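J.: Sequence:
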Amino acid sequence: MKNLNKVFTLGLIGAGLFMTGCEKKDTKEKKLVIAFGIDEDLESKVVAKDKFLKDLEQAVGMKVEWFEPSSDMALTESLKAKKNRTDVAYTGAMPYFMAATKSKIEPLVSFAKDGKLENWGKFSYFLTRPDTNINGFTKEDLINPKTPYTFAYTKQSSGSTYLWPVNDLITSNIIKDSNDFTIKFKPYETGSTTNTVRALLDKDADIGVISSNSYVKNQKFFTPDNHKIIYKSSVIPDNLWLVQESMPQDLKDKLQNFFLNYNDKFFMENFYGKKNGEQHIKVTKDDFKIIGQVMKNLNLTEIKED
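Residue 491 is where the sequence shown starts when you use this note's numbering, and the numbers rise one by one after that.
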């Protein structure tokens, strides 16, 4: 595992969707180009996009185009590009936070149950099996000095399965720092939520961490007698739509009004994977400040892609 005191590697977290505002030189036709990066839920998001694009075109009075970029780095670069610069982006909270250190961007909207900010965000769930001696979120339960427990997570760049869990282990005084994590546990990077669940249920891992959203999506794998939740993390900022600060205010208003009034059930369930009455809500920079504290606790100074 790479030393987190050095440069931290960030893969794609959450989705990498963005819009680029540009203008055709020959016809002067304004358009918004929407690009979507690959993630675990690509298929359902693609199914949900068609009506959404048509509705968005009508709301902003501009042609909308869709394509898929290669990586989250492409999104970051497009946000600070001088030509064909990205105007609006849908992305994860961590990619937004890092992009904001290099570009003048601001949050536009996110989503929450009943459209209430107090219901916003997701959590990390620490899971284990009933046949283990792990029953709580304490040093006595989690630290096995003779044979460290195998700790399964998707990847080091994942906010919900690595960054927040390790942060909470540190703030709860279970481990000293991220290096101590590799000593006190046997890390197991699975690459996907499905693999983490399988590793736990197949007894290849003693502890598995997945997001609260993923727990709901993977309910078919769980029964009351094959797992137990021993801990729910502190709140993790959810995905968001962001805009360039320099975007004309009237266009910002059109976009924000569109989202705040756009709660198409099919779109919400398939694009966001939300089925509990979620609606779009306004979010601000202050709602994402916690990310800076997590980075400080893990001694992360820079995040970049290989």
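Read the hints as simulated data drawn from the structure, not as lab findings.
There could be a bad hint or two in this list.
[To be verified] Only pairs whose alpha carbons sit at most 16 Å apart, straight line, appear in this in silico EDC-like list of lysine to aspartate or glutamate:
no., residue 1, residue 2
1, 744, 540
2, 742, 547
3, 693, 777
[Unchecked claim] Simulated restraints on C-beta separations:
no., residue 1, residue 2, range
4, 744, 627, 38 to 48 Å
5, 747, 667, 44 to 54 Å
6, 575, 724, 16 to 26 Å
7, 596, 555, 17 to 27 Å
8, 744, 666, 22 to 32 Å
Nothing here was measured: the structure is a model prediction, and the numbers come from that model.
Backbone N, C-alpha and C fix where the C-beta goes; we use that ideal spot for every residue, glycine too.
J.: Work down the list of hints and note, for each, if the structure agrees.
T.: How the hints compare with the structure:
1. 744 with 540: Cα-Cα ~20 Å, so violated.
2. 742 with 547: This hinted pair holds, its Cα atoms lying about 14 Å apart.
3. 693 with 777: The hint is violated at about 38 Å.
4. 744 with 627: 38 to 48 Å: With a Cβ separation near 45 Å, residue 744 and residue 627 satisfy 38 to 48 Å, so the hint holds.
5. 747 with 667: 44 to 54 Å: For residue 747 and residue 667 the Cβ distance comes to about 45 Å; the hint holds.
6. 575 with 724: 16 to 26 Å: 34 Å, violated
7. 596 with 555: 17 to 27 Å: 23 Å, holds
8. 744 with 666: 22 to 32 Å: 50 Å, violated
When the structure is compared with the earlier hints, violations turn up for hints 1, 3, 6 and 8 and for no others.
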